[in-house]
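**Student:** If you want the building blocks of each chain, they are given just below.
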Amino acid sequence: MSAQPLFELWVYLAATPLAGLTLTLVAYAAGWWSYKQSGMHPLANPVLLAVALIVSTLWLTHTPYKTYFDGAQFVHFLLGPAVVGLAVPLAREWGNVRQLALPIAGAMVVGSLVALGSAVGIAWLLGASPATLLSLAPKSVTAPIAMGIAEKIGGLPALAAVFAVATGVIGATFGKYVLDGCRVFDWRARGFALGLAAHGIGTARAFAVNADAGAFAGLAFALHGLAAALLLPVGFAVWSRFG
Amino acid sequence: MSPLLAGFTWLLVFQCLGEVLVRLAGLPIPGPVAGLALLFAVLLLLSEVPNALAAAAEGLARHLSLLFVPAGVGVMAYLGRIADEWLPIVVALFVSTLLAIAATALTFAWLVRRSQRQQEKVLP
Chain A
2 MSAQPLFELW VYLAATPLAG LTLTLVAYAA GWWSYKQSGM HPLANPVLLA
52 VALIVSTLWL THTPYKTYFD GAQFVHFLLG PAVVGLAVPL AREWGNVRQL
102 ALPIAGAMVV GSLVALGSAV GIAWLLGASP ATLLSLAPKS VTAPIAMGIA
152 EKIGGLPALA AVFAVATGVI GATFGKYVLD GCRVFDWRAR GFALGLAAHG
202 IGTARAFAVN ADAGAFAGLA FALHGLAAAL LLPVGFAVWS RFG
Chain B
359 MSPLLAGFTW LLVFQCLGEV LVRLAGLPIP GPVAGLALLF AVLLLLSEVP
409 NALAAAAEGL ARHLSLLFVP AGVGVMAYLG RIADEWLPIV VALFVSTLLA
459 IAATALTFAW LVRRSQRQQE KVLP
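Protein sequences, first through last, are from chains A and B. Residue numbers for the first sequence, in the working numbering: 2 to 244. Residue numbers for the second sequence, in the working numbering: 359 to 482.
Keep in mind that the hints are not guaranteed to be accurate.
Claimed, not checked - Restraint-style ranges between C-beta atoms, simulated for each label pair: (1) A/Val27 - B/Arg472: 46 to 56 Å; (2) A/Leu126 - B/Ala441: 11 to 21 Å; (3) B/Leu362 - A/Leu126: 31 to 41 Å; (4) B/Ser473 - A/Leu26: 44 to 54 Å; (5) B/Ser405 - A/Gly155: 24 to 34 Å; (6) A/Gly236 - B/Gln474: 27 to 37 Å; (7) B/Val449 - A/Val12: 41 to 51 Å; (8) B/Ser405 - A/His42: 33 to 43 Å; (9) A/His42 - B/Leu382: 43 to 53 Å; (10) B/Glu478 - A/Trp34: 12 to 22 Å; (11) B/Val449 - A/Val110: 41 to 51 Å; (12) B/Leu362 - A/Ala212: 17 to 27 Å; (13) A/Pro131 - B/Gln474: 23 to 33 Å.
Just so you know, these hints were derived from the structure itself, not from any lab. Note that the coordinates shown come from a computational prediction; the quantities given were computed from them, not determined experimentally. The beta-carbon is built from N, C-alpha and C at its ideal position, and this holds for glycine as well.
Given the sequences, and given the hints that come with them, work out the whole structure.
**Tutor:** Here it is in structure tokens:
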């Protein structure tokens, strides 16, 4: 068989959404399989493996990101309904939230200020450009919310999404070691910290480890997304007027 | 209507309502976040979560990491900028994420211990 028909087949497939969509699901299945095989080891993060596989495939086949995203957007779109669906764990955990109102509110304020302040502060000290700084600001909230916030405050939405995903992967991968080092072994505190600092990817990690941790991660993820989406654009508007 | 389909319809309807609310009121928040707040208010009024809605929301939550893959692949579009500013970006992402996890967990655990001690004082 000569290469010509194969090449034509590839050109045809790459031009339909089918290729990007299939590549996303197959790469994720491979990432998930390795994660399972490793006994859910935090270093074998399925998102990291899937992204690495897809980027290498696109690079080897000289496929631009836009062509890939034409297919992958169907998966990306589901982030919207997934964010809306966070109302479910929030409503279910409402009793817990009211009982633990003080720890939740305190950890939320401290955690989100540390995440925002240290990210922007460190990047500024090391000389990052303004567009990068504004895209880093919402990195601890989930990608679709981060994109929305970055757009409102003048960052680059797609870059903010990349930073948010990287943050999620870093938190889910190394969070366990930080929490062990801090000697925090309360599952609710561990889950809450992962959900707040590493949004959906940290929440997925927390659910894989312990149900209580997962519930509190989902709670922190939802509350932080909501609070950041409400306060960051307002805070930024005030700061840029008087700053 | 199958439960999964019904649950999905709930989510999309509230996402639409959220988008409409944000546009009409000129709110500075993303549409899905407004949808989340509206659905949460309705669920508190209903005082229970419909099974179909729970099935769809939990189905999406279980595979949440998959949904971040397309946005993560976007890294290839910004390789130039990231290569130019790799030091501030890498240091800021690592240090601030791990610092935020430590600060959140320590604050949460400390406040839980403190409120438990206060309850012990009140009870005879």
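**Student:** For each hint, tell me whether it holds in the structure or not.
**Tutor:** Results of checking the hints against the structure:
1. A/Val27 - B/Arg472: 46 to 56 Å: The hint (46 to 56 Å, Cβ to Cβ) holds, given that A/Val27 and B/Arg472 are roughly 49 Å apart.
2. A/Leu126 - B/Ala441: 11 to 21 Å: Once the Cβ atoms are compared, 20 Å apart, the range 11 to 21 Å for B/Ala441 and A/Leu126 holds.
3. B/Leu362 - A/Leu126: 31 to 41 Å: violated, 49 Å
4. B/Ser473 - A/Leu26: 44 to 54 Å: With a Cβ separation near 45 Å, B/Ser473 and A/Leu26 satisfy 44 to 54 Å, so the hint holds.
5. B/Ser405 - A/Gly155: 24 to 34 Å: The hinted range 24 to 34 Å is violated for B/Ser405 and A/Gly155, with Cβ atoms some 42 Å apart.
6. A/Gly236 - B/Gln474: 27 to 37 Å: With Cβ atoms ~33 Å apart, the hint holds.
7. B/Val449 - A/Val12: 41 to 51 Å: holds, 42 Å
8. B/Ser405 - A/His42: 33 to 43 Å: holds, 41 Å
9. A/His42 - B/Leu382: 43 to 53 Å: Roughly 48 Å apart at Cβ, these two residues keep to the hinted range, so it holds.
10. B/Glu478 - A/Trp34: 12 to 22 Å: Roughly 49 Å apart at Cβ, these two residues miss the hinted range, so it is violated.
11. B/Val449 - A/Val110: 41 to 51 Å: Since the Cβ atoms of B/Val449 and A/Val110 sit about 24 Å apart, the hinted range of 41 to 51 Å is violated.
12. B/Leu362 - A/Ala212: 17 to 27 Å: With Cβ atoms ~22 Å apart, the hint holds.
13. A/Pro131 - B/Gln474: 23 to 33 Å: violated, 45 Å
Of the numbered hints listed earlier, those contradicted by the structure are 3, 5, 10, 11 and 13.
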